[in-house]
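A.B. asks: Sequence:
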Amino acid sequence: MNRVQANLLLTAVALIWGSAFVAQSRGMADVGPLLFTGVRFLVGALVVLPLAVLEWRRLRRDGRPLVRRDGVHILGLGLLMTLGAVMQQVGIQFTSVTNAGFLTALYVPLVPVLGWLLLGHVAHWAAWPAALGCLAGAFLLSGAHELRIGLGDLWVAGSAIPWAVHVLMVGRWADRMAAPFLVACGQFAVCGLLSLLAASLAEPVRWASLQAAAWPIAYTGVLSVGVAFTAQVVAQRYAQAADAAIILSAETLFAAAFGALLLGERLTPAGLLGCSLMLACIVLVQLLPLVGTLRARRARILTSQSESL
1 MNRVQANLLL
11 TAVALIWGSA
21 FVAQSRGMAD
31 VGPLLFTGVR
41 FLVGALVVLP
51 LAVLEWRRLR
61 RDGRPLVRRD
71 GVHILGLGLL
81 MTLGAVMQQV
91 GIQFTSVTNA
101 GFLTALYVPL
111 VPVLGWLLLG
121 HVAHWAAWPA
131 ALGCLAGAFL
141 LSGAHELRIG
151 LGDLWVAGSA
161 IPWAVHVLMV
171 GRWADRMAAP
181 FLVACGQFAV
191 CGLLSLLAAS
201 LAEPVRWASL
211 QAAAWPIAYT
221 GVLSVGVAFT
231 AQVVAQRYAQ
241 AADAAIILSA
251 ETLFAAAFGA
261 LLLGERLTPA
271 GLLGCSLMLA
281 CIVLVQLLPL
291 VGTLRARRAR
301 ILTSQSESL
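If you read the sequence shown in the working numbering, its first letter stands for residue 1, the second for the next number, and so on.
Don't read these hints as lab results, they were simulated from the structure.
Since no wrong hints were added, every one of them can be taken at face value.
Between beta-carbon pairs, the in silico distance windows are: (1) A29 - R3: 33 to 43 Å; (2) T268 - L132: 15 to 25 Å; (3) L201 - S276: 37 to 47 Å; (4) L201 - M1: 36 to 46 Å; (5) G71 - L51: 13 to 23 Å; (6) L193 - A29: 18 to 28 Å; (7) L8 - S209: 35 to 45 Å; (8) L154 - W128: 17 to 27 Å; (9) G76 - V113: 13 to 23 Å; (10) L154 - A202: 12 to 22 Å; (11) L51 - L151: 40 to 50 Å; (12) R68 - L132: 33 to 43 Å.
Where a beta carbon is used, it is the ideal one built from N, C-alpha and C, also for glycine.
With the sequences and hints as input, model every part of the structure.
C.D. replies: Okay, here's the thing in structure tokens:
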């Protein structure tokens, strides 16, 4: 898979995540956020489990079984995923959806910053204005006119840190292990079990409520977790982390589109401007690196032709 194909796969991931917002909003009417998160991530783990088993057998057959360090990395990804989801859900209880939607997008500019600070990765120059542009677009799309920072806002803003580290590390560790399905299945299982444990302590757990929310749980568990999160792990083996964060932020854009189609929600002019800005930034971060690659390729061709003459 080349970089362009990986970016297109990440765009499909953002599309699925955007559509899942509708199912998540309906599922919350019957069960608590921790219970919903726990069950859907376990469903996602079961979806990927057959592929993970095949991958496990292939690695053992090739003489490259996973070692303890690999298990620690998978556990770390699951903890990051759980921490981001739980902090976000705690914050949403004490702030508006408008503020939460905007503050969650803080992970977009955090990814290139943390990549530079923690790993020494220098992103393509286009990633920096594109990341800030996506953040501005998310602000306009959320409909916010002012941002008053409260306790809930701090929780949601804090959740952007584990999400950013997760985006930064998931492709790196999956590529090192050469086991994207094992990584995906493992992190889903960790997140699901930890979320269920937290739900048993903080929320009512009733079978009737789970039955009422069965379809939203199935949709988000199979597609949003099982398909989309797994595709993210696969694609990020070949995509730059900064590019991935910007492209994945399109879930906000797709969520607005599905909200308009399925729930009758309408965007304000500011929201439409925000969508346009985010879309432009996503296209920018994919096309500008290609321009440099094509120029370098053309220069090599011209050099080889002149040497042959």
